[in-house]
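Chain A is already provided as a structure; the job is to place chain B with the ligands on it using the hints.
Those sequence lines, one after another, are chains A and B. For the record, in the first sequence the residue sitting at position 389 is 389 according to full-length UniProt numbering, with numbers rising by one throughout. For the record, in the second sequence the residue sitting at position 103 is 103 according to full-length UniProt numbering, with numbers rising by one throughout.
Simulated from the structure, these hints should not be mistaken for laboratory data. Bear in mind that the values here come from a model prediction, so they are computed numbers and not experimental data. Note that the Cβ used here is the ideal one computed from N, Cα and C, for glycine as well. Mixed in with the good hints there might be a few duds.
What the hints assert, rightly or not - Below are the SDA-like pairs computed for lysine to any residue, each with C-alpha atoms no more than 25 Å apart in a straight line: (1) A/Lys720 with B/Thr148; (2) A/Lys302 with B/Asn30; (3) A/Lys720 with B/Glu120; (4) A/Lys228 with B/Gly128; (5) A/Lys213 with B/Arg89; (6) A/Lys302 with B/Leu42; (7) A/Lys621 with A/Lys720; (8) B/Lys53 with B/Asp81; (9) A/Lys254 with A/Pro496; (10) A/Lys254 with A/Ala282; (11) A/Lys52 with A/Thr732.
To be verified - Now the stretches of chain A that chain B is said to cover, found in silico as 3 or more residues with beta-carbon under 8 Å: (12) 83–93; (13) 234–242; (14) 705–713.
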Amino acid sequence: MLTYLEDLGTLAVRKALDLTVQKVSRRGFLGGSATFALAVYATDASAFERWKTGGTDMPHGVVEDPMVFVSIDADGTVTLVAHRSEMGTGARTSLPMIMADEMEADWDRVVIVQAEGDEPKYGNQNTDGSRSMRHHIQAARKIGGSVRHMLAAAAAERWGVSASEVVVENHVVRHGDKSLGFGDLAEAAMAMPVPAHEDIAYKSPDAFRYTGKGEVQITDLHDITTGKAVYGGDVTVPGMKVAMAVRPPVVGGKVVRFDASEALALPGVVGVYELPHSIPPAGFAPLGGVAVVADDTWTAIKARDLITIEWDDGPHAGYNSDTFMEEMKATALEKGNALRTQGDPDGAFANAARVFGHTYTGDHIAHIAMEPPVALAQVQGGMAEIWAPVQSPYQARTDIAAALEMDVANVKVNVTLLGGGFGRKSKADFATEAALLSKMAGVPVRMQWTREDDVRHSFYHTTSAERIEVALNAEDRVTGWRHNSVAPSIVSTFAPDSGYQFPVENGMGHVDVPFDIANISCENGKAMAHTRIGWFRAVSNVPRAFAIGSFVGELAAELGRDEKEMWLELIGAPRTIDPAASGFPETYWNYGEPPGQGFDIQTGRLAHVLETAAAGIGYGKALPDGEGIGLAVHRSFVSYVGCAAHVKMVDGRITVPELHLAIDCGFAANPERIASQMEGAAVMGMTVALDSSITYRDGAVVQANYYDYDVVRADNFPRKVVTHIVPHDFATPSTGVGEPGLPPIAPAIANAVFKASGTRRRGLPMGRTI
Amino acid sequence: MARLVVNGESREFDAGSDMPLLWALRDHLNLNGTKYGCGAGLCGACTVHMNGKAVRACQVSLGQAEGAEITTIEGLDPNGDHRVQQAWRELNVPQCGFCQSGQIMQAAALLAENPKPSDEEILSAMSGNVCRCGCYQRIVGAVRLASTGS
Ligand code: FES
Ligand code: FES
Numbered sequence: 001m002l003t004y005l006e007d008l009g010t011l012a013v014r015k016a017l018d019l020t021v022q023k024v025s026r027r028g029f030l031g032g033s034a035t036f037a038l039a040v041y042a043t044d045a046s047a048f049e050r051w052k053t054g055g056t057d058m059p060h061g062v063v064e065d066p067m068v069f070v071s072i073d074a075d076g077t078v079t080l081v082a083h084r085s086e087m088g089t090g091a092r093t094s095l096p097m098i099m100a101d102e103m104e105a106d107w108d109r110v111v112i113v114q115a116e117g118d119e120p121k122y123g124n125q126n127t128d129g130s131r132s133m134r135h136h137i138q139a140a141r142k143i144g145g146s147v148r149h150m151l152a153a154a155a156a157e158r159w160g161v162s163a164s165e166v167v168v169e170n171h172v173v174r175h176g177d178k179s180l181g182f183g184d185l186a187e188a189a190m191a192m193p194v195p196a197h198e199d200i201a202y203k204s205p206d207a208f209r210y211t212g213k214g215e216v217q218i219t220d221l222h223d224i225t226t227g228k229a230v231y232g233g234d235v236t237v238p239g240m241k242v243a244m245a246v247r248p249p250v251v252g253g254k255v256v257r258f259d260a261s262e263a264l265a266l267p268g269v270v271g272v273y274e275l276p277h278s279i280p281p282a283g284f285a286p287l288g289g290v291a292v293v294a295d296d297t298w299t300a301i302k303a304r305d306l307i308t309i310e311w312d313d314g315p316h317a318g319y320n321s322d323t324f325m326e327e328m329k330a331t332a333l334e335k336g337n338a339l340r341t342q343g344d345p346d347g348a349f350a351n352a353a354r355v356f357g358h359t360y361t362g363d364h365i366a367h368i369a370m371e372p373p374v375a376l377a378q379v380q381g382g383m384a385e386i387w388a389p390v391q392s393p394y395q396a397r398t399d400i401a402a403a404l405e406m407d408v409a410n411v412k413v414n415v416t417l418l419g420g421g422f423g424r425k426s427k428a429d430f431a432t433e434a435a436l437l438s439k440m441a442g443v444p445v446r447m448q449w450t451r452e453d454d455v456r457h458s459f460y461h462t463t464s465a466e467r468i469e470v471a472l473n474a475e476d477r478v479t480g481w482r483h484n485s486v487a488p489s490i491v492s493t494f495a496p497d498s499g500y501q502f503p504v505e506n507g508m509g510h511v512d513v514p515f516d517i518a519n520i521s522c523e524n525g526k527a528m529a530h531t532r533i534g535w536f537r538a539v540s541n542v543p544r545a546f547a548i549g550s551f552v553g554e555l556a557a558e559l560g561r562d563e564k565e566m567w568l569e570l571i572g573a574p575r576t577i578d579p580a581a582s583g584f585p586e587t588y589w590n591y592g593e594p595p596g597q598g599f600d601i602q603t604g605r606l607a608h609v610l611e612t613a614a615a616g617i618g619y620g621k622a623l624p625d626g627e628g629i630g631l632a633v634h635r636s637f638v639s640y641v642g643c644a645a646h647v648k649m650v651d652g653r654i655t656v657p658e659l660h661l662a663i664d665c666g667f668a669a670n671p672e673r674i675a676s677q678m679e680g681a682a683v684m685g686m687t688v689a690l691d692s693s694i695t696y697r698d699g700a701v702v703q704a705n706y707y708d709y710d711v712v713r714a715d716n717f718p719r720k721v722v723t724h725i726v727p728h729d730f731a732t733p734s735t736g737v738g739e740p741g742l743p744p745i746a747p748a749i750a751n752a753v754f755k756a757s758g759t760r761r762r763g764l765p766m767g768r769t770i
Numbered sequence: 001m002a003r004l005v006v007n008g009e010s011r012e013f014d015a016g017s018d019m020p021l022l023w024a025l026r027d028h029l030n031l032n033g034t035k036y037g038c039g040a041g042l043c044g045a046c047t048v049h050m051n052g053k054a055v056r057a058c059q060v061s062l063g064q065a066e067g068a069e070i071t072t073i074e075g076l077d078p079n080g081d082h083r084v085q086q087a088w089r090e091l092n093v094p095q096c097g098f099c100q101s102g103q104i105m106q107a108a109a110l111l112a113e114n115p116k117p118s119d120e121e122i123l124s125a126m127s128g129n130v131c132r133c134g135c136y137q138r139i140v141g142a143v144r145l146a147s148t149g150s
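Chain A with its partners taken away, still in its complex shape (with noise of 0.2 Å):
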């Protein structure tokens, strides 16, 4: 996201950090390539033509170099890095297993190192925006691809043959009736030239052992389920105290005056601090406030109840959130600012038989991962180490050397598990706050978070207005299209706030409306922010799809149509969109990708995962009352999800029996996570629909911790999910899975319950109950 930020020219990309660290020096390809023809794989270059990503448009790319993310034990152990967080997608397995099985190791054979932050060596890491797999699976398949010619020219050379009648199978290297392993060529083949793709003969993706199958467990499953798995909180360094802090209420607040002395003759605690304080836009720095340095983490929770602090409220101090809604929804009846103008949307509404519309809001949404932000930071000696699950390390880094006022280089983020990401551990405050305190206190400190804190001091998913409405001519057909949106600015936290929306947010359901509409207007109304405002998962896809998604199921119902032929009459005949040619704005962003390569709005396909949902939930078939099955199909991060839900209300409670979850990603990777990954969505989308609600009084957070900010549990979950994955080969390039499996859920709920009850709900959460 801040990449896109800068990018976009929104923010002046931010120099002062002289980022020293030593370039990988890269090893100069021999030429020669002919030898590395290997006869198992002589497969038509086209098994694997490439085909450009934004990956490479990213700060420090794509690394695809063997000698940093491979190392080969003489006893055969295959070393793989992984590079992007793992916050519970699987990236951490799901890479290192497509670099396995290109390399032809054996996956018992491979072990699994985190990489620290140091995107100058390994290439982009903000693991975020759905780009994993999008952006490195083709680098995976150059690295294993290289090993395997490595190994294979080693052996050749040791043999005196061709390399060309090598072959290398399961961690074997074979030719005629000799046969070497991994181990025994470790050395010769890592100190062969690294050949150029050109040079490599891919598998065909017929002959993939692991990749695209789903049968490879994830690296960490048994320590996961033996308490082994070390996540933020569970990393210790001799001498090592526990920080807690009290943070301004208000953002932009800060403290007047403190009284720590019942805190400070506490036994156990060594220290009360006050932390720098923040003003607005101060992207990712802690917000202040005053913290506590204890022994352990009980004695720092009683003593910070015990500090009393006197607070400025500073700017924000007004912000209260229902006026605020109020004042959005009345925005958003006025014209906003002209995004995307396709056609001529006001005449078709001045000539229009009917204009039908509704408004449809959404409340702040906080993304309490279970792992409440928890980082340790040892700062001694002019170096500083920190363990942290943070999904941008080396934004981290950065981060934390500026506010130590140190040289990058001797800032080492080391990354540990992420008990959950949403997009809140993109942003690191809570690192920086252990290495201030580290410092300050000359102790190795680890900042823990409660849950509370996590609650009240996040960087909010924003709360917004999305004013939809739809011109009809005579025979109730749909001449134009009108959506303006209002939110407040993920930019406001970064830079000065102007109220509006930036690309990257425009981008994200608004100006990409898939309709097949003669006259199209994308407005966007002014909202200033007044909170952090950050992302969650899916981002501003969230709003508009449930806007996009309830408006299509309440002109079905108003036209007296059937919601699954509205939606495809809406989408219309397959086709790819051209965004020049549809009025799309030029400063159109399509999740940092390139056009014409696979990436462009293709609505066949969007049809398609929508049928393909409501095929599967049997759509059309008899309910009785009380129950109803309600579609929603939304594009994110590059891939198409359709959801059919089937809603049940239960004494009046909102239940969902079964809902299927339609996903068309091109090339599926890791199909088992991709479903793992559906499931979660169809959970977490579900508490979005019903229970999700940040409101603010007085400028300050109200809710606090589960009693007020609950969640979908196993008692109302849907009870049974089916993933359908759109099969394709690899040609077709693999996009998102972590974020877009999430906004069509509760549009579709909606539509189903509107169904199931006669209740329409036009604002997120719906609550629990009709």
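Leaving out everything else, chain B with the ligands in the frame of chain A:
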């Protein structure tokens, strides 16, 4: 000085009797498998067994735990092969994994008390354990698998 019997071992360490068992396990006994998720008995991430029953370690003080037999995820089975753990692996339950020690301890306590729970009994027993990643379908499936073998 606090005294605890954890995973069959007697442990002594310096902590007050008001300290929640959760923080004693994590900070003083280096048993980090038990997780902090809410500190208020609302999420189940800290679930351990006290005399065989599932309890929230954040809601039990050392004073209350003294003399009891405490079992944590690390002590559930010497090889980590309790049938619940096996079922969890067979169905690939975890996503981020953070809630899973608590889920497994809750499920193991349920099955110890009620070896063949009905679906409704499983759902109700597991509803105090939040999984923000949303693994419930597999969690329920794994409890059933551990219980019935299918
Ligand atoms: S941490 Fe104990 S129930 Fe949540
Ligand atoms: S697996 Fe992430 S919270 Fe349950």
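| message | Which constraints among the numbered hints does this structure fail? Numbers only, ascending. | response | Those not satisfied: there are none.
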